[in-house]
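J.: Heads up: the protein sequence lines correspond to chains A and B, in order.
So that you can map any letter, position 178 of the first sequence is 177 in numbering that gives the first Met the number 0, and since no number is skipped, the others follow by simple counting.
So that you can map any letter, position 10 of the second sequence is 9 in numbering that gives the first Met the number 0, and since no number is skipped, the others follow by simple counting.
Source of the hints: derived by calculation from the structure; they are not laboratory data.
A portion of the hints provided could be inaccurate.
[Said to hold, decoys possible] Listed below are the simulated DSS-like cross-link pairs for lysine-lysine, each with C-alpha atoms no more than 30 angstroms apart in a straight line:
no. : chain 1 : residue 1 : chain 2 : residue 2
1   : A       : 109       : B       : 81
2   : A       : 226       : A       : 250
3   : B       : 145       : A       : 109
[To be verified] Only some residues are given here: those of chain B computed to face chain A with a beta carbon under 7 angstroms:
no. : residue
4   : 118
5   : 119
6   : 120
7   : 121
8   : 126
9   : 132
10  : 136
11  : 137
12  : 140
Each residue gets a CB set at the ideal place from its N, CA and C atoms; glycine is no exception.
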Amino acid sequence: MKMLPLLSVLLLAGILLSACTSGASTASSWAGATLANDAIYFAGTTQVFALRPDNGNSIWSYPENGSASRIFLAAPTVSTDQVIAGDYVGGLVSLNAKDGSENWTFSEAKGKYVGSALATDTMIIAPNADGNLYALDLQGKLVWKFAANNAFWSQPVTDSQNVYASSLDHYLYAVDLNTGEQFWKADLGATLVSSPLLDSGVLYQGSIDGVMNAVDAATGKIKWAQKLDAGIWATPVLSNGKLYFGDQKTKIYILDAANGTIEQSIDVGAAVIGSGVLINDGIAFGTESGDLVMIGLDGRKLWSRTIGGMIYSNLVSNGTIVLVVETQGDRPLVALDTNGTEIWYFAGK
Amino acid sequence: MWDTLIITPFINFLLWIYSLIGNFGGAIILFTLVTRLVLYPLTARQIKSSQAMQEVTKSKRYLEIQEKYKNDREKIAQEQMKLYQELKISPLSSCLPTLLQLPIIFGLYQALIQALASAPIDMLKLTRHIYPALLNVSDLLPLNSKFLWMDMGMPERVFIPGLSFGIPVLAIIVVITTYISSKVITPPPAAGANDQSAMMTNMMNIYMPLLMGWLAWTLSSGLALYFVVQNLVQIGQYAASGRVYWGNLLPKPKQQATKQTTKQTTKQTTKQIAKKP
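Next comes chain B alone, as it looks inside the complex (with noise of 0.2 angstroms):
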C-alpha cells in the first residue's frame, strides 16, 4: 500500500525528471524543487498558524497566565486553552500541516534511497518500480550517478594532495544550510517565555545540524544534495511568507538580553495585576 501509493510515484517521477535530463543530481535537484513547490500551501498553512500561536505568546493575557500560575502548570495549561479557545487558534493547526508533510517526506526519501540502487538487491527492487509505460527500463538503467565530483551513489570526499583523508565538503554544507535553516526561522523568544523552552530551542538548533551532518557523512551523496536543497527551499519559502529572522545568526548576548526582557515583563505585568481591584 505504502509502495503502490507513495514510493512507486515518487520513484517514477524522479526517474522521469532524470529521463528528461540525464543527470541524476540535477533530478534530485528538481524533483525537491517541485515537491516542495506542490507541498507549498501546507508549508504557508503551518507558518501562518506559527505565527499566530508566537503573536499569542507576546499578548498580556498570556503573559499574565505565566506570571499568576507560575507555580502551577496544570493551571497554567488550563488557562492557555481557554485563551486559545477564546482567539479561536487551534495550537494543532501548526502541527497538523507538518504531520501532514511527514508521510511525504519520508516518501520521497525512500523513493530517492531505492533510486540511487548500487547495488544487485537494490536495482531489482528498482526495476519492478518502474511504470513500463512511462520509462524504458533499458534506456533509464544504468542511471548516470554523477554530478559536478560527485557520485550520487556513495558518501561524498575531496581528496587533497598531501591529506590522507578526504573532506566531506557535502556534508559540511549540510551542516551549515541546516544551522542556517533552523536558525532563520526559529522566532526570537517571546519576552517572558521560559528559560527551559529557549534552551530546548538552541539545543535542537545545534544538535540537529549535527546530525543531519553526521547522516550526509555516512550516507550517499544524493541524499546530502537533497538535504541541502530542502533547507535552502525551506529558508526561501519562509522568507517568502516574510517570516525570516536573519538577527538570529548574528552573535548577541542572549542571556543578558533576556533577563532584561524578563525582568521588564515582570514589572508590567506586576503593575498590571496590581491596577485590578
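Isolated chain A (complex conformation) (with noise of 0.2 angstroms):
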C-alpha cells in the first residue's frame, strides 16, 4: 500500500511519455480506400475491410480481430481476385477478394507501406518505407528488388515497360519492370512523397517544397518545373491538358501541362494534400478543414460540403459515388454522390 502513490507517478510519466508517441504509430498516416470488382476495399487502421458500395455494409474484414500493432492504411491494390494490403511492420499480404481469406504473406521488408502497391498482369510492385521496391510474381514470390537511398512512400506507376518511383530521396526512378535494372533518376531536388502522373510519355511529379515537375519518361530529363507557393503532397489530375492539384497551405493550381504555365490559382482556405477525383465536369478536392470543393474545369468554385475531420486522403470515384476518408473524424469512410449529397457512412466497424 506504501508504494501505491510511487507506482501511480511512475506509471503516469509512463502513460504521458507514452501519449506523446504513441501517435506515431496510429495516426501517423491517412488512410486509404480502393473501388474495384464491385467493392469497396478500405484500409481501416486496424483492419482491411470489403464494402458494399450501395449501402457500405461489410462484406468481409481482414484479420478478423484488429490489434493495435498491426496497422494498414495504404489503399489496398486489386489484382484480379487478389487485395493486396501492405502494413506499418513490413507485412504485405494478398487476400481472396471475394472471403478475405490469406493467400500469401511477404515480409521481407523492413518499413512500413505507406504507398499502396502496383498491381499488372504478372507482377505487384510493392513501395516500401525501408527504401526498396520489392517486385513480386502474384504467388507472392519476390522476383527482384530495387534500392533507393531513402523511403518510397506512393504507389509507382507503368507504361508496361518501366516502373516509375518517387522516393523520399529527391529521385524520380525509372526501373525495368522485368528485371528491376535501373532505367535512369532523375533528381527533381527534393523529396517526393506522391505518386508521378504519367501522360503520353511524360511523369508530372510534384515535391514538398512546392515544385511541380514534367519528366520526360523515355529520358529522365525535365521538360519544365514550375515553382508555387507551398510544397504538393499530391498526384495532379490532367484533364483537356491541364493539370489540377493542390499545396499544403490553401490553394488548388491549374497548370498548362505543355508548359507549366500557372493558368490558375483559387484559394480554398485550407491546405489540399490529397489528390482530386474528376467528377463529370468538374474535380472535386477535399481539405484539411474537412470540405469537400467541387472546382469546375474552368476554374470556378462549383461548390462545397462540410463532410468532417481533415480530408488528407486521395478522393476516389467510380463516376456514381465518391469515397472520402476523414483523418481524425467520426466516421472513417464517408460515401457521397456526384453531387455531394451523403449516401452513407462506415463507422469503422
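Mind docking these for me? Both chains are given alone in their own frames, and the hints should help you get the complex.
T.: In C-alpha cells, the structure reads:
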C-alpha cells in the first residue's frame, strides 16, 4: 500500500511519455480506399475491410480481430481476384477478394508500407519505407528488389515496360519492370511524397518544396518545372491538357501541362493534401478543414460540402459515388453521390 | 502558444544542428548537451538547495524533532517548518528549479519526436514547424536518421545470427545509465531518516530505470539516445558540483547499517533530551 503513490506516479509518467509518441504508430498517416470489382476495399487502420458500394455494409474484414500493433493505412490494391494490403510493420498480404481469406504473405521488408502496391498482369510492385521496391509474382515470390537512398511512400506507375517510382531521396526512378534494373533517375531537388502521373510519355511529379515537374519518361530529362507557393503532396489530375492539384497552404492550381504555365490559382482556405478526382464536369478536392470542394474545369468553385475530420487521402470515384476518408474524424469513410449528397458512412466496425 | 514558444524553436534548433553536421544521432547528442548546459544554472540551484535540505536533515535539532514528536506527524511538520524558517531555507527552493525545467524538458522531448518524422502526417507537421528563413526544406528532408548501427526513427535491435529475436542494446544502456544516474545522485540516507522514505527512494531507483528501459525498448532509438545522453550529462553535472555518491553503487548491508545508525542517533538524542532541564 505504501508503494501505491510511487507506482501511480511512475505509471502516470509512463502513460504521459507514451502518449506523446504513440500517435506515431496509429495516426501517423492517412487511410486509403480503393473501388474495384464492385466492392470498396478500405484500409481502416487495424483492419482491411471489403464493403458494398451501395450501402457501405461490410462484406468481410481482415484480420478478424484487429490489433493496434498491425496498422493498415495504404489503400489496398486489387489484382484480379486478390487484394494486396501492406501494413506498418513490413508485412504485405494477399487476400482473396471474395472472402478476405489469406492467400500469401511477404515479410521481407523492414519498413512501413505507406504507399499502395502497383499490380500489373503478372507482377506486384510494392514500395516500402525501408527504401526498396519489392517486385513479386502473383504468388508472392520475390522476383527482384530495387534499392533507393531513402523511403518510397507512394504507389509506382508503369507503362508496361518500366516502373516509375518517386522516393523521399529527391529522385524519380525509372526501373525495368521485368528485371528491376535502373533505367534512369532524375533529381527533382526535394523530397517526393506522391505518385507521379504518367500521360503520353510525360511524368508529372510534385515535390514538397512546391515545384511541379514534367519529366520525359524516355530519358528522365526535366521538360519544365514550375515553382509554386507551398509543398505538393498529391498527384495531379489531368484533363484537357491541364493539371489540377492543391498545395499544403490553401491553393488549388491549374497548370498548362504542355509548358507548366500557371493558368489559375484558387484559394480554398485550407491545405489540399490528397489528390482530387474527376467527376462529370469538374474536379473534387478534399481539404484539411474537412470540406469537399468542387472546382469546374474552368476554375470556378461549383459547390462545397462539409464532411468532417481532415481530408488528407486521395479522393476515389467510380463515376457514381465519391469516397472520402476522414482523418481524425468520427466517420472513417464517407460515400457521397456526384452532387455531394451523402449516401452512407462507414463507422469502422 | 506551446508550439510557437517551445516546440517550434526547439525543432528548428535541433534541425539547425543537424543541417551543420548532417547526422541526426550527432545532432541529438549536441542538442541535449547544449540544452542541458543552458539549463545548468537551474540544475546547480537545485543541487545546492537539495544539499542544504540534506544538511538540515542531519542536524541535531531536526533529529530531536523527529524523536520528540514521532507519534504526531502534524506536529513534526509544524516544527520542521519553524526550523526551515529559522534557517531561512525554503523546502520549495529545491523543487522550483525542477518545476521550471519541466516544460522545457517536455518541449525537448516533443521536439525530438516531431523531428523524427517517419510517416506522412509527422512530416507534414514538421514542414510547418520549419522557419524558412533559417532552414531549407528541400536541403533538410529527408533526414539522415542513421547513427552507428541504428535508425533513429525506429526502435533499436541488434540481430545476432542464430537468435530469432533482436537484442535491445540501447534500451539496456538506458536501464544501466538511468540506474547509475539515480543511484549516484541520491545522497545516502541521513541518520534517523525514516524507513519509509528510504524504501521509497530504493523503489524509485529500481522502477525508474525499468520504466525508461521500457520506453527505450518500444519507442524510436533517437529518444533512447536522448535518454542516455541526458543521464550521462546529469551525472557529469552532479559530479561538477561534487555531489556524486559513487559509494551508493557498491553493495552494502544497508539494513544493518541503518539500524546501527538509528540506534546511535536515538541514544544520542535521548541523552541530549535527558540533559535538558
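J.: List in ascending order the numbers of the hints, as given earlier, that are violated by the structure.
T.: 1 and 9
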